[in-house]
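S.K.: Next come the chains, spelled out residue by residue.
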Amino acid sequence: MRRLFGMKRIPAVLLTAATLVSVMSSVQARAETVVRVAMTAADIPDWTGVPDQGYEGYRFLGYTLYDGLTNWDLSSSDKAADIVPALATAWHVDPGDHKKWIFDLREGVKFHDGCAWNADAAVWNFDRVNSKDSKQFNPKQFSMSRGFMDNVDHAQKIDDSHIAIYTKIVDSYLPYEMSTFFQVSPCAVQKANYDYTAYAAAPAGTGPYKFDKVTPHERIELVKNADYWNKDRVPKHDRLVLIPMPEAATRAAALLSGQVDFVEAPSPDTIPQLQSAGMTITKVPYPHNWNYQIRLDRPPFNDLRVRQAANYAINRDDFIELLGGYATPGYGVFIESQPYYGNPMKYEYDPEKAKELLKQAGCSPCKMTIAISTSGSGQMQPLPMNELVKEQLEAVGFQVTLVPIDWNSLIDVFIGGPDKFPQYDGMNFSLAPIDANQGLLKTTMTRYMSPHGSNWGKYSNPEIDKLGEQALATFDEAERNKIIAKMHEIAVKDAFDIFIVHDLNPRALSPKLKGFVQAQSWFQDLTPIQVVQ
Amino acid sequence: MWFYAARRIVLTIPIALGVTIICFALVYIAPGDPIASLLPPNATASDIALLKHSYGLDRPIPIQYLIWLGHALTGNLGRSIQNSQPVAGEVLRALSNTLLIAILAVLVAFSIALVLGMLAAYRVGSWVDRLATGISVLGISVPSFWLGVVLVILFAVKLHWLPATGMGTSGSESFSLFEWKQAKFAILPVVTMALTPLSIIMRTTRSSLAEVLGQDFVQTLRAKGLGEIAIMRHAIWNAMPQILAMLGLQLGYLLGGSILIETIFTWPGTGYLLNKAILTRDIPLLQGAILILAMAFVAINLVVDLLQTVVDPRIKRA
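Taken in order, these protein sequences are the chains called A and B.
1 is the number of the first residue of the first sequence in the UniProt record's numbering; add one for each residue after it.
1 is the number of the first residue of the second sequence in the UniProt record's numbering; add one for each residue after it.
Be aware that a few hints might be false.
To be verified - For each label pair, taking beta carbons as the anchor points, the in silico distance ranges come out as:
| id | chain 1 | residue 1 | chain 2 | residue 2 | range |
| --- | --- | --- | --- | --- | --- |
| 1 | B | Ile22 | A | Phe137 | 34 to 44 Å |
| 2 | B | Thr74 | A | Lys512 | 27 to 37 Å |
| 3 | B | Ile63 | A | Asp476 | 49 to 59 Å |
| 4 | B | Glu179 | A | Asp104 | 48 to 58 Å |
| 5 | A | Pro365 | B | Ser141 | 37 to 47 Å |
| 6 | B | Leu131 | A | Gly258 | 47 to 57 Å |
| 7 | B | Ile63 | A | Glu489 | 45 to 55 Å |
| 8 | B | Val150 | A | Thr280 | 18 to 28 Å |
| 9 | A | Gly258 | B | Ser54 | 56 to 66 Å |
| 10 | A | Lys512 | B | Glu179 | 22 to 32 Å |
| 11 | A | Lys466 | B | Gly56 | 52 to 62 Å |
| 12 | A | Arg298 | B | Gly134 | 54 to 64 Å |
| 13 | A | Phe137 | B | Ile63 | 55 to 65 Å |
| 14 | B | Ile22 | A | Gly258 | 54 to 64 Å |
Unchecked claim - Taking lysine-lysine pairs in the DSBU-like style, the calculated list, with each CA pair at most 35 Å apart, reads:
| id | chain 1 | residue 1 | chain 2 | residue 2 |
| --- | --- | --- | --- | --- |
| 15 | B | Lys158 | A | Lys283 |
| 16 | B | Lys181 | A | Lys512 |
| 17 | A | Lys213 | B | Lys52 |
| 18 | A | Lys224 | B | Lys224 |
| 19 | A | Lys514 | B | Lys52 |
Said to hold, decoys possible - Derived list of chain A stretches under chain B, where covered just means 3 residues or more per stretch with a C-beta under 8 Å from a C-beta of chain B:
| id | region |
| --- | --- |
| 20 | 330 to 336 |
| 21 | 510 to 521 |
The set of hints was computed from the structure by calculation and includes no laboratory data.
Predicted model, so just to flag it, every value in this text is computed and none were measured.
C-beta: ideal position from N, C-alpha, C; glycine also.
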């Protein structure tokens, strides 16, 4: 030892140490593992707390940077995803007041900027999207969060680790709604002087990834949050690069040329080429309903026989063939793995029965005008698919006029409601029944009838309303699922929509990515992905 | 010439005003709501009203126009509805990215078109002429979005020589024309973009030059014993005003008309930005982008007109 650390040896030891440090740091620099994702979005989704660009925004810039009080369990491909504790460890409704929920907050969690997560931060976040008088109120985020915050009245601190959330109506689905309400760091917003454009340069959540840098409209880069509170979900790669790439052909070319590693929604016709190049194609059923919403308050669809005829006229196998096998038949709102699917009747393809029903209804030719989009989030391959619907409906006696409009205009038609757009008898507008509340209650109950919610077709059935109210007031999940299943069976029997297919959501991954588990959900967990060189 | 330049600059003011009025009218005539893309499907009318109010979109359109115009005169084109960034910065950044490939494309197109056009005009009816005409017809007929995809399949997917998409290894901020690793991102967009102007400039060069070569003064030059190269130099100088005019027009078209090419290559230029602004009804961004592009078009034409007077003093402008 003495010889080793003798004075004469010091320069050599220092030199060796310096070389080692240099080599190690260069190895470390080279060893950074990067996952580059090509999104279908036309632009980088909003990353300041309430994502836009549909659920793709939540998938990539919601659950990566942030957490909700609850999150989705996305660890399995075998069952429909459900919520799990996140920034809240437990929750229950007040037995004496069903409009009051108590949430137990996770302790010891910090935002990426070091700010503490506690009841003050939680209440501050509720005010961010609910209280017009608060400094942190953001009108854009207020409007964009109505889908999951419209039943929330306000939140109140009980102590540092408990809050009470008061709802406007009895709402057993509040824990689900809390899964899409992301918690941002109050310190980061205060530091940005309550300017969310400035906050976007240094956002801070509690999620498994931290913001690193952004090139507007081109790419956003996130890095691993090694201190993430859920050690099982600390990312197994160092950097996540998200690139908007709306053209399917461009995404496929980018994957084949090695510019990206993970591609969302490759078009079915490119999948054989991607497979032959060694790419991994993943697909699972998930709650994505490609259907026609029809208005039930006037002819021709105010007649049950006409609605049923339209459902019997659809040969769903033709759609699956058109989509290269990347779809499953749609016989209802939900997919069969969702626990509240029930046992709804199936409108199996039966053109003779469809013709007979139309004859009984005296609707000949049975005219309808349908608004469709040329592209858009969740719209799959809208033009050829809608042409096929038209062909099949016309084969049994309907006369279909398709009106193609762009995606933004179709959203306008959906929000405006059928009274504002009387020229349409229906619309092809895909919805995401991620839970029973979004999927069925809000699309079938009279209280959510357009323009007050997602019941675009003005479907109204007292039995549905009664069951819906029961479901909202039932806090036992198994019991509630039974109620929803019954609602689903009634709504399908009423043929309140024309059910066509559910998407299988293909994704293509470079062979160097391992460990990705595609969940039966619109949201996905990217943290298990490993990059194997 | 200075008086002429000043007069042209003053004339751009009514053009700009006309452009702003048309911008406003077009954006509001088109179906769709700028607020719709920001809202969830179950947003209510009151949610929409609140958001419209916060963006000032609930005011009468003439008032909105006048407020916007007042701000525009001070260089403030408002903020994007989608990402709240200042529109002027967004558009100028995109314009610089488009200018880069548009100028390169026009230079490539001009160089090749000039050579091919001269050869074709010098030997009208020969195989060189027929070849050049064939290239020209092909270039005008082939859709650029198709060519772009084919080039990507060949050079990026099959041969792995060039990148398929994007601008630089880490986005446009890393891009440099002087570093091969970055510069190669521009090659396929430039080639795709160059094809149409190449064809049009070549046809213009051929026809203008053929006409000049048939004029009496060329016979006189030959009679005086001038060599063919010297004659061609005189002739091309005479044909240059038409060629320059066409070059300017093509550069102007490329600045705003490259939506398909920029979308295919995910090139963050004005076409890509306009596409996004149209799809999301981002009214301030759309208005700002159209205004700046229109002004750029006017400026390019002004420069070309002035260049024409330099090249050919017979063109009396003032």
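S.K.: With reference to the structure, classify each hint as holding or not holding.
M.R.: Comparing the hints with the structure gives:
1. Ile22/B / Phe137/A: 34 to 44 Å: Because 37 Å falls inside the window, the suggested range holds.
2. Thr74/B / Lys512/A: 27 to 37 Å: violated, 52 Å
3. Ile63/B / Asp476/A: 49 to 59 Å: holds, 55 Å
4. Glu179/B / Asp104/A: 48 to 58 Å: Holds, at about 55 Å.
5. Pro365/A / Ser141/B: 37 to 47 Å: holds, 42 Å
6. Leu131/B / Gly258/A: 47 to 57 Å: Taking Cβ atoms as reference, Leu131/B and Gly258/A lie about 37 Å apart, which means the hint is violated.
7. Ile63/B / Glu489/A: 45 to 55 Å: holds, 53 Å
8. Val150/B / Thr280/A: 18 to 28 Å: holds, 27 Å
9. Gly258/A / Ser54/B: 56 to 66 Å: Cβ of Gly258/A to Cβ of Ser54/B: about 44 Å, so the range 56 to 66 Å is violated.
10. Lys512/A / Glu179/B: 22 to 32 Å: holds, 26 Å
11. Lys466/A / Gly56/B: 52 to 62 Å: Given a distance of about 44 Å, which is not inside 52 to 62 Å, the answer is violated.
12. Arg298/A / Gly134/B: 54 to 64 Å: holds, 60 Å
13. Phe137/A / Ile63/B: 55 to 65 Å: violated, 26 Å
14. Ile22/B / Gly258/A: 54 to 64 Å: violated, 44 Å
15. Lys158/B / Lys283/A: holds, 26 Å
16. Lys181/B / Lys512/A: Within the cut-off at roughly 23 Å; holds.
17. Lys213/A / Lys52/B: At roughly 31 Å apart (the allowed maximum being 35 Å), Lys52/B and Lys213/A satisfy the hint.
18. Lys224/A / Lys224/B: Measuring from Cα to Cα gives roughly 79 Å; hence the hint is violated.
19. Lys514/A / Lys52/B: Violated: Lys514/A and Lys52/B sit about 46 Å apart, past 35 Å.
20. 330 to 336: violated (count 0)
21. 510 to 521: violated (count 0)
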